[in-house]
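Undergrad: Those protein sequence lines, which keep their order, are chains A and B.
By the working numbering, the letter at position 80 of the first sequence is numbered 80, and the numbering carries on one by one without gaps.
By the working numbering, the letter at position 37 of the second sequence is numbered 37, and the numbering carries on one by one without gaps.
Careful, some of the hints might be misleading.
Calculated pairs, DSSO-like style, for lysine-lysine (alpha carbon to alpha carbon, straight line, at most 30 Å) [to be verified]: (1) B:K67 to A:K17; (2) B:K40 to A:K71; (3) A:K57 to B:K67; (4) B:K56 to B:K40; (5) A:K65 to B:K67; (6) B:K106 to A:K57; (7) A:K18 to B:K41; (8) A:K71 to B:K106; (9) B:K3 to B:K67; (10) A:K57 to B:K3; (11) A:K65 to B:K68; (12) A:K57 to A:K17; (13) A:K57 to B:K41; (14) A:K71 to B:K67; (15) B:K56 to A:K65; (16) A:K57 to B:K57; (17) B:K106 to A:K17.
Simulated restraints on C-beta separations [to be verified]: (18) B:E1 to A:P8: 32 to 38 Å; (19) B:H14 to A:P83: 36 to 42 Å; (20) B:T28 to A:S82: 41 to 47 Å; (21) A:D59 to B:H14: 33 to 39 Å; (22) B:S71 to A:K57: 24 to 30 Å.
These aren't lab readings, by the way, just hints derived from the structure by calculation.
Computed from a predicted structure; not experimentally measured.
Note that beta-carbon positions come from the ideal geometry of N, C-alpha and C, so glycine has one too.
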Amino acid sequence: EAQVTQNPRYLITVTGKKLTVTCSQNMNHEYMSWYRQDPGLGLRQIYYSMNVEVTDKGDVPEGYKVSRKEKRNFPLILESPSPNQTSLYFCASRGTGVTEAFFGQGTRLTVV
Amino acid sequence: EDKVVQSPLSLVVHEGDTVTLNCSYEVTNFRSLLWYKQEKKAPTFLFMLTSSGIEKKSGRLSSILDKKELSSILNITATQTGDSAIYLCAVLYGMRFGAGTRLTVKP
């Protein structure tokens, strides 16, 4: 089954404790991206990747890192999480050209 | 700066009403516009619009793109409570989203 898998689905952590949210897709998609969703603000793009070893900042990259060492995986790293990073996070992937994007099930992160 | 603007941000209607949701965009590298529906979890795909003036239809939902006006509308006829959701539009190339329209359909 074609899917985008995010883990964990829920996470509560403390300020400053490094964490990684994993994202994996099995559709051989080139394009992957991370979004955060906050009430009233829609989906804001954090980082995206056009292919392996190619990543770029989205609209809200501060406080986040990503890597794309393999085509299927695109982890989101918070080196020193802060309470303002409490949010719902989505990973998405799509193929090249003009195609729809597929979303992971989301990760609800709370930083206390 | 690229931007995607949706209106209204929130809408409350009664079952059976018809609603029109709007999405306008200003982006430097437009390829297509997508509509998604989001209930309590991940967004699910509704439509992709690439050509101006061609209506896409699925049941009670339909959508059309106007490249001259840099906008799109999503229509829902004979609304049902199950249509209650956030409706998101996004623009390729780069998957930039609007803030969404929260639609509430009351019985």
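Undergrad: Output the numbers, in ascending order, of every earlier hint that fails for this structure.
TA: Those not satisfied are hints 1, 5, 6, 8, 11, 14, 15, 16, 17 and 20.
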